[in-house]
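**Q** Please model the complete structure; the sequences and the hints are all you need to start from.
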Amino acid sequence: MTAKAALASLVEWLPALVVAAVVIGLWQGLIVAFHVQQFLLPKPTSIASTFWSDRHELWPAGWYTMKEALGGFAIGSGLGILAATFVSRFKTLGTALMPIFIAANAVPIIAFAPIADAWFNPFSPHSKMAIAAVLCFLPVMVNTLRGLQSARPRQIELMRSYAASELMIWRRVRIPTALPFVFTALKIASVLAMIGAIVGEYFGGATTALGVLINSDSQIFQFTKAWAGIVVASLLGMALYLAVATAERAIVRWSPQLRGS
Amino acid sequence: MSEQSVVRVGRVTKTFPRGDVTALQDIDLELAPREFVSLIGPSGCGKSTLLRVIGDLIEPTHGSVTINGKSARQARNDGDYGIVFQDSVLFDWRTVAKNIALPLEMLGWERQRRRQRVAEMLDLVELTAFAEHHPWQLSGGMQQRVSIARALAFEPALLLMDEPFGALDEMTRERLNLELLAIWEKTGSTVAFVTHSISEAVFLSGRVVVMSPRPGRIAGAVDVDLPYPRTVETREAPRFFELVTQVRELLRQRGEHLLPEEEAVLE
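Chains as they are written, first to last, in my numbering: chain A, 1 to 261; chain B, 1001 to 1267.
For the record, the hints were derived by calculation from the structure and aren't laboratory data. Bear in mind that the values here come from a model prediction, so they are computed numbers and not experimental data. Misleading hints may appear alongside valid ones.
[As the list claims (entries may be wrong)] If we take Cβ atoms under 7 Å as the criterion, some of the chain B residues that face chain A in the derived model are:
# : residue
1 : N1077
2 : I1083
3 : V1089
4 : D1092
5 : W1093
6 : P1103
7 : M1106
8 : H1134
[Unchecked claim] Label-pair ranges, simulated between beta-carbon atoms:
#  : chain 1 : residue 1 : chain 2 : residue 2 : range
9  : B       : D1087     : A       : Q149      : 53 to 63 Å
10 : B       : V1021     : A       : Q149      : 24 to 34 Å
11 : B       : D1087     : A       : P99       : 25 to 35 Å
12 : B       : E1236     : A       : Q149      : 48 to 58 Å
13 : B       : V1021     : A       : P99       : 43 to 53 Å
14 : A       : N121      : B       : N1077     : 52 to 62 Å
15 : B       : G1019     : A       : I110      : 42 to 52 Å
16 : A       : A243      : B       : P1033     : 30 to 40 Å
17 : A       : E166      : B       : G1019     : 23 to 33 Å
Beta carbons are placed, not taken as given, at the ideal position from N, Cα and C, and that holds for glycine.
**A** And the structure:
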């Protein structure tokens, strides 16, 4: 990146950074001014100091949960893409399954967290991966399917004029058309995976997990540490989101939307 | 016709089961080598359907289509024709050069040969400077030139064009008409050109085939005896206006006595 480009991206991020600084400043200032109790809302400075002093406990816990989220993300998204491929390839299968998928989408999947814990060992990461995977599956499946069905009829007709096989049409038309949809879904799923893993841990899990740590710390009134845990969870969630967004920029380089023109 | 026809359409009828629509009825049409033929008619006359039947993208209900003496299916599999649609149908994820190379990839050409041909085609449509651009970075007229270059890249004997300039403004359209004729004279392809513009049909073609709607059938043809190469002055020649009037008359006659209600009774 050239110096000019670095400066340009700094200018682009500046408004967000200013807003964040103002919010944190207000947060700190209002707590001091109105003597807000520590258990209601700790000061950002005390969260920051706990974040630093307990880093040897917080980060390994965060990484443990991150691995669960990553596993669930990979399994759920993978199955979602696979299911969408099958449903769009075999129309009858699609008409049989789509209403069920859409109905399932309305079910608050989070409510299944205790059940997933019962199905798998609650102390193993697999139960959390299952919850994260279930959360990721539907948005990825629905978006990928829409993408695969968005190929323009004229483009298919053009390919047929070249006597293209179904496989060639998939490779050269359907998959490239679907990619932006898939990445939108993966970005949603990356956030859901982290939520799924942490919520799963609230119902029990290894003591080394971030969700368990946040939950138990709030029960023993260690709210500052719970908040520090939330900060770790947010940072890891953002990292996963940014990783997906970076992959998108690398793979869907051609997209007019991403080029901003 | 002494030479063998490039396209021979024999008594083609196409009915669509949905709504029981007869899109084409008893169409007979022959295109000689290097001939430029326009199909013109009101919307719903089946001119685009006829083009797709020739390209084996739609199967006729009755009748036969032969291209270069082969069945339409065989001709499509052999890559005997290139097709251009009203919207340019370019792939956003491919650069201009890669879009033009697409049919060559499908035909299994080697990379080196592909690159060379793409360079020639870019030169032909004067877009060499835009080879690495993406389609959405080009104007509508430029996009359509890319589409034409793609259709001609593998030197098909036959070029099917479905209202290729219909979405462009008048000035761009007239300029591309001239460019298309120049390209046609260089490549020597046979062209079947669907349009709803009378002046465009007369300006480009050696023969204008007039179609009438519901069911789509051929109402008549006008031989255009204006000499090639045609220029900007051609559009101002008295003979040009006479021919435009002739086509317009033919369209109007057919439009008046073939009311949809009558047709429904006749069937």
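**Q** Run every hint past the structure and note whether it holds.
**A** Cross-check of the supplied hints:
About 4 Å separates the beta-carbon of N1077 of chain B from the nearest beta-carbon of chain A, less than 7 Å, and the hint is met. Hint on I1083 of chain B holds. Least Cβ distance to chain A is approximately 5 Å, under the 7 Å limit. Below 7 Å, beta-carbon pairs count as interface contacts, and V1089 of chain B has one with chain A at about 5 Å; its hint therefore holds. Residue-level restraint check for D1092 of chain B holds (minimum Cβ-Cβ distance to chain A is 6 Å; threshold 7 Å).
Below 7 Å, beta-carbon pairs count as interface contacts, and W1093 of chain B has one with chain A at about 4 Å; its hint therefore holds. Below 7 Å, beta-carbon pairs count as interface contacts, and P1103 of chain B has one with chain A at about 5 Å; its hint therefore holds. Evaluation of the M1106 of chain B hint against chain A yields a held restraint, the C-beta minimum of about 4 Å falling below 7 Å. The restraint placing H1134 of chain B at the interface with chain A holds, with a minimum CB-CB distance near 6 Å, inside the 7 Å limit.
A beta carbon spacing of about 19 Å between D1087 of chain B and Q149 of chain A contradicts the range 53 to 63 Å that was offered as a hint. A beta carbon spacing of about 26 Å between V1021 of chain B and Q149 of chain A agrees with the range 24 to 34 Å that was offered as a hint. Between D1087 of chain B and P99 of chain A the beta carbons are some 34 Å apart, a value that agrees with the proposed interval 25 to 35 Å. For E1236 of chain B paired with Q149 of chain A, a C-beta distance near 50 Å keeps the hint of 48 to 58 Å intact.
Between V1021 of chain B and P99 of chain A the C-beta distance comes to about 32 Å, which lies outside the given range of 43 to 53 Å. Our hint of 52 to 62 Å for N121 of chain A and N1077 of chain B holds, since their Cβ atoms are close to 58 Å apart. A hinted range of 42 to 52 Å for the beta carbons of G1019 of chain B and I110 of chain A is consistent with their spacing of about 48 Å. Judged by the Cβ atoms, the range 30 to 40 Å given for A243 of chain A and P1033 of chain B is violated: they are separated by roughly 59 Å.
One distance hint, 23 to 33 Å for the beta-carbon pair E166 of chain A and G1019 of chain B, holds here, with the actual separation near 28 Å.
The structure fails to meet hints 9, 13 and 16 from the earlier list, while all remaining hints are met.
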